[in-house]
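**Q** Construct the entire structure; sequences and hints are all you get.
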Amino acid sequence: MNNREQEVLDGVSRITGVRSALLVSSDDGLVVAESTLDDQATEAAAAFAARLVQRLGVLTRTLHTPPMSVLLMQATGGQLFIATGAEGLLLVAVTTNDVNIGEVRLALLDAAGRLN
Amino acid sequence: MTDDIATLTLQLAQDPASLAFVPLADALRRRGQLDAALTVVTRGSARYPEMADAHDLVARIHADRGDGDAAFDAWTTVVRLVPDHLGAHKGLAFLAYRSGDLGRSVKHLTAALELAPDDTTLASAIERIRTVMAGRVVAASGKVAPPPEAPQRSATESTPTLLFDQQGRVLRGTLERMDGVDASEAVAAALAGVSREAERAARLLNLGEWKALAIESGAVNFELRSPSSETLLLVMRGREVPAGRLARIADKAVEQARHWLEEDA
Numbered sequence: 000m001n002n003r004e005q006e007v008l009d010g011v012s013r014i015t016g017v018r019s020a021l022l023v024s025s026d027d028g029l030v031v032a033e034s035t036l037d038d039q040a041t042e043a044a045a046a047f048a049a050r051l052v053q054r055l056g057v058l059t060r061t062l063h064t065p066p067m068s069v070l071l072m073q074a075t076g077g078q079l080f081i082a083t084g085a086e087g088l089l090l091v092a093v094t095t096n097d098v099n100i101g102e103v104r105l106a107l108l109d110a111a112g113r114l115n
Numbered sequence: 000m001t002d003d004i005a006t007l008t009l010q011l012a013q014d015p016a017s018l019a020f021v022p023l024a025d026a027l028r029r030r031g032q033l034d035a036a037l038t039v040v041t042r043g044s045a046r047y048p049e050m051a052d053a054h055d056l057v058a059r060i061h062a063d064r065g066d067g068d069a070a071f072d073a074w075t076t077v078v079r080l081v082p083d084h085l086g087a088h089k090g091l092a093f094l095a096y097r098s099g100d101l102g103r104s105v106k107h108l109t110a111a112l113e114l115a116p117d118d119t120t121l122a123s124a125i126e127r128i129r130t131v132m133a134g135r136v137v138a139a140s141g142k143v144a145p146p147p148e149a150p151q152r153s154a155t156e157s158t159p160t161l162l163f164d165q166q167g168r169v170l171r172g173t174l175e176r177m178d179g180v181d182a183s184e185a186v187a188a189a190l191a192g193v194s195r196e197a198e199r200a201a202r203l204l205n206l207g208e209w210k211a212l213a214i215e216s217g218a219v220n221f222e223l224r225s226p227s228s229e230t231l232l233l234v235m236r237g238r239e240v241p242a243g244r245l246a247r248i249a250d251k252a253v254e255q256a257r258h259w260l261e262e263d264a
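Protein chains in written order, with numbering that gives the first Met the number 0: chain Y, 0 to 115; chain E, 0 to 264.
No lab work stands behind these hints: they were computed from the structure. Heads up, the beta-carbon is just placed ideally off N, CA and C, and yes, glycines get one too. Each hint can be trusted.
Label-pair ranges, simulated between beta-carbon atoms: (1) Gln5/Y / Glu262/E: 51 to 59 Å; (2) Leu29/Y / Thr41/E: 25 to 33 Å; (3) Leu36/Y / Gly192/E: 28 to 36 Å; (4) Arg13/Y / Arg244/E: 28 to 36 Å; (5) Ala12/E / Val31/Y: 17 to 25 Å; (6) Asn96/Y / Arg46/E: 50 to 58 Å; (7) Gly76/Y / Arg129/E: 48 to 56 Å; (8) Glu126/E / Asp97/Y: 48 to 56 Å; (9) Arg13/Y / Tyr47/E: 44 to 52 Å; (10) Ala45/E / Asp97/Y: 49 to 57 Å.
Per the computed footprint, the stretches of chain E lying under chain Y, defined by three or more beta-carbons under 8 Å from a beta-carbon of chain Y, are: (11) 32 to 40; (12) 197 to 208.
What the simulated footprint calls covered on chain E by chain Y, stretch by stretch (three residues with Cβ under 8 Å from a Cβ of chain Y suffice, anywhere in the stretch; the number is not a length): (13) 63 to 75; (14) 179 to 192.
**A** Spelled out as structure tokens, the structure:
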């Protein structure tokens with residue numbers, strides 16, 4: 000992990016309601032860098048994020064639409080945001096449900112762009 | 000896939016004149032690494048400017064990136080090199096359809112059908128577009144005036160929606176690709192069981208029960224819901240429909256699906 004990656008992830012995790020921000024390898028679902036505020040299971044979040052992107056990537060290929068740029072899984076107790084970056088990397092954020100969805104989405108897309 | 004990419008990358012590094020750039024770029028494209036794919040195939044096609052399949056791949060990558068003009072240029076180059084290139088005619092038909100030039104779309108689809116007469120999806124796409132064109136002609140001639148107070152379809156009714164079960168069988172609705180080809184069965188098969196992945200992810204991350212998956216894909220947004228433990232519902236709208244509105248449309252579609260499932264039980 001380098002300073003730039005850490006700085007970008009810290010920027011995401013500073014948003015109110017973000018519990019963890021991760022940089023994940025989409026190939027194997029391993030954590031490349033992380034910024035966590037509590038005892039989040041970051042390895043599990045990374046693995047599931049990569050798995051979901053792989054599963055749902057089939058949808059865009061089947062319909063001949065451009066590849067997925069953002070995925071949001073909403074659950075009763077929180078949310079999982081995933082933005083696809085360059086070089087096979089995913090920007091992932093685990094948040095509470097009262098988070099500003101638009102703000103997190105833009106922060107992840109910005110982070111993905113900065114890491115290109 | 001990763002192994003393939005590593006092998007092909009090594010092969011290309013050892014021999015820059017290798018034709019491995021085509022499968023390598025295609026593998027990168029399939030993984031969504033469009034910038035890398037474009038870099039690889041552009042370098043390769045510069046070395047082999049008469050290689051139609053390389054330009055075809057350039058076009059497909061541009062199309063994936065939503066750059067229709069660049070895709071058009073590349074597919075036009077393919078047709079110049081190989082007038083009977085099936086992929087290029089399909090691609091040009093898709094671009095023409097997307098830009099509203101239905102006549103040109105039919106022309107390329109017809110050329111593609113001549114090259115692949117057993118492809119029933121091409122014939123049905125032509126038929127579908129001709130039906131739309133016939134409707135436009137009638138409306139333009141004024142022979143049939145539209146009903147003055149024709150009821151507008153609700154957002155839910157005009158939203159492509161697909162209900163399918165966990166075994167990948169379509170229960171209701173249809174989803175089409177941008178070129179009009181029905182992709183319902185393929186989508187249902189591809190997404191079967193994905194709710195179990197979401198369920199497991201939510202549980203292990205202490206997020207409770209999953210409720211929705213929202214997917215942004217270029218010009219299209221999707222929302223995936225689970226109206227019942229055994230079914231999944233996918234709604235699709237263009238990006239002009241904001242994510243928040245799509246979520247509300249999905250709420251209504253879920254209600255309708257549950258009603259239909261209860262009636263059908």
